[in-house]
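Number of protein chains: 2
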Amino acid sequence: MPVSIKDIAKEANVSPSTVSRALNDHPRISPETKAQIKNLAETMGYVPSAVARNLVAKRSATIGVAIADLVDPYYVRQILGMEDVAAAYNYQIFLSSFYRNSKRELAIVQDFHERRMEGIIITGSETAETYLASKHKFFMPIVLINSPTYPFSVSINGFTGAKKVVEHLIELGHRRIAYITWGAEHPDGLNRLNGYQAALTEHNIALDETIIVTGDGSIAGGIKAVSRLLDLPQPPTAIFAFNDLTAIGVINALRQRGYEVPRDFSVVGYDDLEMAPHYYPPLTTVRQPTYNIGKRAVNMLFNLIRGDNSVTPEILEPEFVVRESTASVLIRQ
Amino acid sequence: MPVSIKDIAKEANVSPSTVSRALNDHPRISPETKAQIKNLAETMGYVPSAVARNLVAKRSATIGVAIADLVDPYYVRQILGMEDVAAAYNYQIFLSSFYRNSKRELAIVQDFHERRMEGIIITGSETAETYLASKHKFFMPIVLINSPTYPFSVSINGFTGAKKVVEHLIELGHRRIAYITWGAEHPDGLNRLNGYQAALTEHNIALDETIIVTGDGSIAGGIKAVSRLLDLPQPPTAIFAFNDLTAIGVINALRQRGYEVPRDFSVVGYDDLEMAPHYYPPLTTVRQPTYNIGKRAVNMLFNLIRGDNSVTPEILEPEFVVRESTASVLIRQ
DNA sequence: TTGTACGCGTTATCAA
DNA sequence: TTGATAACGCGTACAA
Chain A
1 MPVSIKDIAK
11 EANVSPSTVS
21 RALNDHPRIS
31 PETKAQIKNL
41 AETMGYVPSA
51 VARNLVAKRS
61 ATIGVAIADL
71 VDPYYVRQIL
81 GMEDVAAAYN
91 YQIFLSSFYR
101 NSKRELAIVQ
111 DFHERRMEGI
121 IITGSETAET
131 YLASKHKFFM
141 PIVLINSPTY
151 PFSVSINGFT
161 GAKKVVEHLI
171 ELGHRRIAYI
181 TWGAEHPDGL
191 NRLNGYQAAL
201 TEHNIALDET
211 IIVTGDGSIA
221 GGIKAVSRLL
231 DLPQPPTAIF
241 AFNDLTAIGV
251 INALRQRGYE
261 VPRDFSVVGY
271 DDLEMAPHYY
281 PPLTTVRQPT
291 YNIGKRAVNM
301 LFNLIRGDNS
311 VTPEILEPEF
321 VVRESTASVL
331 IRQ
Chain B
1 MPVSIKDIAK
11 EANVSPSTVS
21 RALNDHPRIS
31 PETKAQIKNL
41 AETMGYVPSA
51 VARNLVAKRS
61 ATIGVAIADL
71 VDPYYVRQIL
81 GMEDVAAAYN
91 YQIFLSSFYR
101 NSKRELAIVQ
111 DFHERRMEGI
121 IITGSETAET
131 YLASKHKFFM
141 PIVLINSPTY
151 PFSVSINGFT
161 GAKKVVEHLI
171 ELGHRRIAYI
181 TWGAEHPDGL
191 NRLNGYQAAL
201 TEHNIALDET
211 IIVTGDGSIA
221 GGIKAVSRLL
231 DLPQPPTAIF
241 AFNDLTAIGV
251 INALRQRGYE
261 VPRDFSVVGY
271 DDLEMAPHYY
281 PPLTTVRQPT
291 YNIGKRAVNM
301 LFNLIRGDNS
311 VTPEILEPEF
321 VVRESTASVL
331 IRQ
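Heads up: the sequence lines are chains A and B, in that order.
Residue numbers are given in the numbering used here: position 326 of the first sequence equals residue 326, and the series is strictly consecutive.
Residue numbers are given in the numbering used here: position 86 of the second sequence equals residue 86, and the series is strictly consecutive.
Quick caveat, the hints were computed from the structure, so don't treat them as lab data.
One or more of the hints may lead you astray.
One copy or any two copies: either way a pair holds, since identical chains are not told apart in the list.
Result set (DSS-like, lysine-lysine): computed pairs, CA atoms no more than 27 Å apart in a straight line [claimed, not checked]: (1) K137 <-> K38; (2) K103 <-> K6; (3) K38 <-> K10; (4) K58 <-> K38; (5) K10 <-> K103; (6) K34 <-> K137; (7) K6 <-> K58; (8) K137 <-> K10; (9) K34 <-> K6; (10) K103 <-> K38; (11) K38 <-> K6; (12) K137 <-> K6; (13) K164 <-> K224.
The structure displayed is predicted, hence computed values, not measured ones.
Using the sequences and the hints, build the whole thing.
Structural data, given as structure tokens:
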């Protein structure tokens, strides 16, 4: 249905290559024919076919981005950074979400290959080893976010992030600090757990596995975790949640039971969501440089596309933000 | 770099068309050659080129989705519905965000054309008239979300949504009900404003333009709006915010000034964000059928792609949800 | 300055 | 059952 370069050529009584040259501002063409053809293209409603162009050019000026969860602001804000850098390079982004399903993730990577993306970024992968195994042949560079063992990756330091949180709570006098995880398979899960443990060890606080419970990164998960924590013979005085949504669930569940934060329990989240400073109480949390990690990932990818394989894994530092959901253990009665 | 059908043909000593048939499970091919070629393709790491296939097939099995804001959960949840329907049809989605910039929106539509998407969905467009004007030639069907004047569109009824909110507040005894809008250009802005006015008129409450203020859909916008509202000689007793984020800003600003919601002011939001029931206080709001609207939009688009032009604009109804941020005006002292 | 010829990777048609 | 040929829309070498 769309009009092609040939249609214009026929209409203008020139050859298709002349039309091509006119449309691409090729130097060797007379100004008159160029103007005439451009006019004709306009009136005929010509729209160049990227698919034909990509076939012959062997490049698509497009990168594929696979994201763990389109609804999670943590991942979405990374996209913002990617978009800005990609736009500066005149590249487009093809975005797909695999919803934390490794099978879907691999299907997306396959699709990116078929579409001949020039590079791939995957954020939130739970199967990073796959991209190291040589049994798959990937003919385009792949950059992972938060898979620090992968050679081409950009990550945020979950170890120091978690450590700072726990140190802050210890400084406030807390000794029984619960930790709500997000299952073992979360890309950043192990790092943060190690940070949590390191802080305790450095302050000679024995690790108590009963106050490490598993959540799912959701508000509901935080609510459930509180039930388990408060049923303990010796409940914690502070709760470190895997993310802000979990923390919100925690605070709500505590309020339902008549407790107040931070008077009765200190609670810390992670991510610094847009509404974290506007929650009640404003959340003490860890701000992750999401926009920046997106930028860095695309920059690294372009280096790889250019053939510069000297890139090394990058690790960005998160920022600890104290607000009002944490307080000294002493204010408890 | 990637291996092509020709490479396999050479390796197997057959013609390219035989390889094509083997790979596509064509009926007229011997089982042995088929098996041999499939093996070869596997070991050689063959990945079919979607771009070459699309060129000859004149179809991409892909629809383009342009979205007003990737960070706004309201839009993102629509994508979820689209993805599910598209997947059922074996279609992929190419997603781009224009961040409420009409120029970028049109550039995305142009890009979709060049990539030969089979159809386009635009949600949150502020320039819907463009798609009616015949000066542009669009050679693929376009479905708009929340542009009810466009013939191929799916919308949520903002009129009844807003009306229900105001009726609820009136029932609680409120007479001075402020409304925080999101600028005139918001796709649903006028509909909701009309609903707001209709409810007031039906209850013989005079419209007071001084308590209709402009926000920007953000928490910060809600905070600013409160300043203007409380500086009025006769402040409102209830505030209807354009969305939940604005409502959160409102509630926070009120709390900062020592007021409590709903004791001193009733506040209503819009959207029913994931955390709306878990905010403090839990938000009275309007739940929009976002997932469903995404589904309907894709279904409509497929009808158009099939050539069925008998589609008519669809309007879905929102659902009013009462929680704890609203109360009778009588409980004020 | 313009036209001719060819190739990109794939599928479909026709002939063998 | 398989092979040769053409075509999709575009860009580019080479020839005119």
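Please list, smallest to largest, the hint numbers that this structure does not respect. Failing hints, ascending: 2 and 5.
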